[in-house]
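**Student:** If you want the building blocks of each chain, they are given just below.
Protein chains: 2
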Amino acid sequence: MAVSQRVIKSMENSSWIRKMFETGGILKAKYGDDNVFDFSIGNPNVEPPEDFIIKLSEYASLKKTGMHAYMPNAGYLDVREKIASWVTSTEGIEIHSDNIVMTCGAAGAMNVVLKTILNPGDNIIVSAPYFAEYEAYIGNHGGEVNRVQGGEKFNLSVENIEKAINEKTQGVIINSPNNPSGRVYSEDTIKNLASMLERKSRERGRAIYLLSDEPYKKIVYDGIKVPSVIKNYSHSIIMTSYSKDLSIPGERIGWLAVNPAAEDLHNLLGGIIMCNRILGYVNAPAIMQKVVADLQGRSVDMGFYKTKRDRLCEILGNAGYEFIKPEGTFYLFPKAPGGDDLKAVNALQEERILTVPGRGFGTPGYFRIAYCVSDRVIERSAEGFEKAFRALKNS
Amino acid sequence: MAVSQRVIKSMENSSWIRKMFETGGILKAKYGDDNVFDFSIGNPNVEPPEDFIIKLSEYASLKKTGMHAYMPNAGYLDVREKIASWVTSTEGIEIHSDNIVMTCGAAGAMNVVLKTILNPGDNIIVSAPYFAEYEAYIGNHGGEVNRVQGGEKFNLSVENIEKAINEKTQGVIINSPNNPSGRVYSEDTIKNLASMLERKSRERGRAIYLLSDEPYKKIVYDGIKVPSVIKNYSHSIIMTSYSKDLSIPGERIGWLAVNPAAEDLHNLLGGIIMCNRILGYVNAPAIMQKVVADLQGRSVDMGFYKTKRDRLCEILGNAGYEFIKPEGTFYLFPKAPGGDDLKAVNALQEERILTVPGRGFGTPGYFRIAYCVSDRVIERSAEGFEKAFRALKNS
Chain H
11 MAVSQRVIKS
21 MENSSWIRKM
31 FETGGILKAK
41 YGDDNVFDFS
51 IGNPNVEPPE
61 DFIIKLSEYA
71 SLKKTGMHAY
81 MPNAGYLDVR
91 EKIASWVTST
101 EGIEIHSDNI
111 VMTCGAAGAM
121 NVVLKTILNP
131 GDNIIVSAPY
141 FAEYEAYIGN
151 HGGEVNRVQG
161 GEKFNLSVEN
171 IEKAINEKTQ
181 GVIINSPNNP
191 SGRVYSEDTI
201 KNLASMLERK
211 SRERGRAIYL
221 LSDEPYKKIV
231 YDGIKVPSVI
241 KNYSHSIIMT
251 SYSKDLSIPG
261 ERIGWLAVNP
271 AAEDLHNLLG
281 GIIMCNRILG
291 YVNAPAIMQK
301 VVADLQGRSV
311 DMGFYKTKRD
321 RLCEILGNAG
331 YEFIKPEGTF
341 YLFPKAPGGD
351 DLKAVNALQE
361 ERILTVPGRG
371 FGTPGYFRIA
381 YCVSDRVIER
391 SAEGFEKAFR
401 ALKNS
Chain U
11 MAVSQRVIKS
21 MENSSWIRKM
31 FETGGILKAK
41 YGDDNVFDFS
51 IGNPNVEPPE
61 DFIIKLSEYA
71 SLKKTGMHAY
81 MPNAGYLDVR
91 EKIASWVTST
101 EGIEIHSDNI
111 VMTCGAAGAM
121 NVVLKTILNP
131 GDNIIVSAPY
141 FAEYEAYIGN
151 HGGEVNRVQG
161 GEKFNLSVEN
171 IEKAINEKTQ
181 GVIINSPNNP
191 SGRVYSEDTI
201 KNLASMLERK
211 SRERGRAIYL
221 LSDEPYKKIV
231 YDGIKVPSVI
241 KNYSHSIIMT
251 SYSKDLSIPG
261 ERIGWLAVNP
271 AAEDLHNLLG
281 GIIMCNRILG
291 YVNAPAIMQK
301 VVADLQGRSV
311 DMGFYKTKRD
321 RLCEILGNAG
331 YEFIKPEGTF
341 YLFPKAPGGD
351 DLKAVNALQE
361 ERILTVPGRG
371 FGTPGYFRIA
381 YCVSDRVIER
391 SAEGFEKAFR
401 ALKNS
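Sequence lines, in order, name chains H and U.
Note that the working numbering gives residue 175 to position 165 of the first sequence, counting from 1, and the numbers run on in steps of one.
Note that the working numbering gives residue 292 to position 282 of the second sequence, counting from 1, and the numbers run on in steps of one.
Isolated chain H, as found in the complex (with noise of 0.2 angstroms):
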């Protein structure tokens, strides 16, 4: 064996997943894509907002010296800026241009600041349910996963955070609009959180870094707003893309920033930046740099998934599935009838219905649905959905 074996471990782990999306493939070739009803991942059927084809194509075609070339590590000034303007704007908190650094993605951004904080043996603690990736993004950089659960109806438990705590304990994610939950943590969860990790930090005389993962803070429904996490506590770096709100996630483009009050600030945002380089990102995509920072504040009209969100909850209520009507994202993350995610994941599939198992995102019993899919698929899954659960409380 010349590869890795810590790869092939990872690849046998997730090999579940790759099983589900081979059978999909499966599934699709036995009976048309129009008849597999794909709900297991995250990818916009929305397309992107007009702003967006109209800035590119200005882009695009400009000639201008060096529109394509390298530029500092961090990203463009002018487009830091512009972030910088909207952070404070809308974060109630004033970030200057030298706080932004611009990533590959949400996910570029997770892995260039995990690499800077950890310490071979440090610990990062996601709080379940938790998008499956950070895992192996904490891995990569030779952390260690502190999991714990979370709260009732998935809201986030600071007690279980706090006891989780130990001296290895180099930060906390969090993701809020939550994938897979489509829980939006609120105000007081977010302050009690913060003021417990400020006492913890002291306490110990090193910060706990708040790592918090916001690709989904546009995308909310019912005028829920979607507190901020960097204004409430001084360690922290949120972190985002553009790839849900405005459709664009084939573009690897987003950004960080970092409380200007963190601790080891200057060291924090120098290794992230190198991280940034040495990593191989080097910089984000310099076209899409340029592109979204004249976007900011725009989206996707929010009513397509609404319409979804609500038709698929009456599905689901309908058919007798327990499940807590997502506040915000494109997920639902309804109980497995019967109690088993494999099964209810595999019943499904005999529906043609394709959806990701629970412990994927570190809560067996549960499953996601993304149901960022056009409203035909979700018409015609009705039946299924259905059927599976019959098929699960009988079994």
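Accuracy of the hints is not assured; some may be wrong.
No distinction is drawn between identical chains; accordingly, a pair holds when it is met within one copy or between any pair of copies.
The calculated DSS-like cross-link candidates involving lysine-lysine, where the alpha carbons are at most 30 angstroms apart (straight line), are [to be verified]:
(1) 163 to 73
(2) 73 to 38
(3) 65 to 397
(4) 74 to 38
(5) 178 to 353
(6) 353 to 210
(7) 210 to 163
(8) 210 to 316
(9) 19 to 210
(10) 178 to 19
(11) 235 to 38
(12) 353 to 173
(13) 92 to 40
(14) 228 to 73
(15) 403 to 345
These aren't lab readings, by the way, just hints derived from the structure by calculation.
Model the placement of chain U on the given structure of chain H, informed by the hints.
**Tutor:** Below, chain U alone, put in the same frame as chain H:
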């Protein structure tokens, strides 16, 4: 100190480069941009070819469903098919689209490959002079840098590489045309290296991968032909980017190709694709994949760089510097007059000429000049090169 000790150490180690850049900044502020001759980085000064702007504009304005959505982590199938045809026709070996992975430049490619093959404590051989970032890339994934000295006139020493191979050696990185020396390794050298590596792989019963970093392959002069690496060695992976030949380094687009006869091929490709995802690249930027796929074989006019090379060789030769005329790339790697590269770089800085000491490339006693600059910068630097030479010789 809240930030990782490894990262702090990396920042300290590279701080002499940063110091030089900072000095450059101070010089520019003092004397004006026009009076500082910056030969420090490989940021192509030639603009992308017209074809690139045309194709980019076409794809930018295209309103096709899913143009900016996620695609398979390996990249678009149609793009990989076009690259595979190009590789097949130019390298003299049949390569299928399955063996191509689109990456965030050659730096992204090198990182995903290293993560895929490295177990903790494994080593990778690099032959001096080598691109400084390889050390960081190897370290990112828990590997050790196994340095060997090159042969005469910056050629590869297959003998030195053979001597350095041990049980923990997972691969050898080569880079031809070479940054910083401008050397192109001959077909005989590649064949000798390949047959030695085949023999050593056989002897120990596990392949040694050959990682060939080829971003300068199209930047060659005087009709020189860069021999194929992938055709000549079964366990080889070639990787490249469009940064230099299309002058678009800010866009982060490249690819890698795996020899179909490579050991452990299934795991190797599966691992590379998974690592492209979990290292946070996810996929190469979508629109740039489409653009470069249509531009195979295109590049900026090499006449520009040849003129610069020839004029700079004349200036350096007249001043008394010893150097080897580059066969490719846009770098020159002269001997430091007096023998000390740091002293030489400092003496050149006195003349407002910015270069990089050879110790950054594993080769003290030399310094690198990146001549991807305007003709004016070259002309105006002539006097400074001459003065610095005299100062160094007389010191």
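**Student:** List in ascending order the numbers of the hints, as given earlier, that are violated by the structure.
**Tutor:** Hints 1, 3, 5, 6, 8, 11 and 12 contradicted; others consistent.
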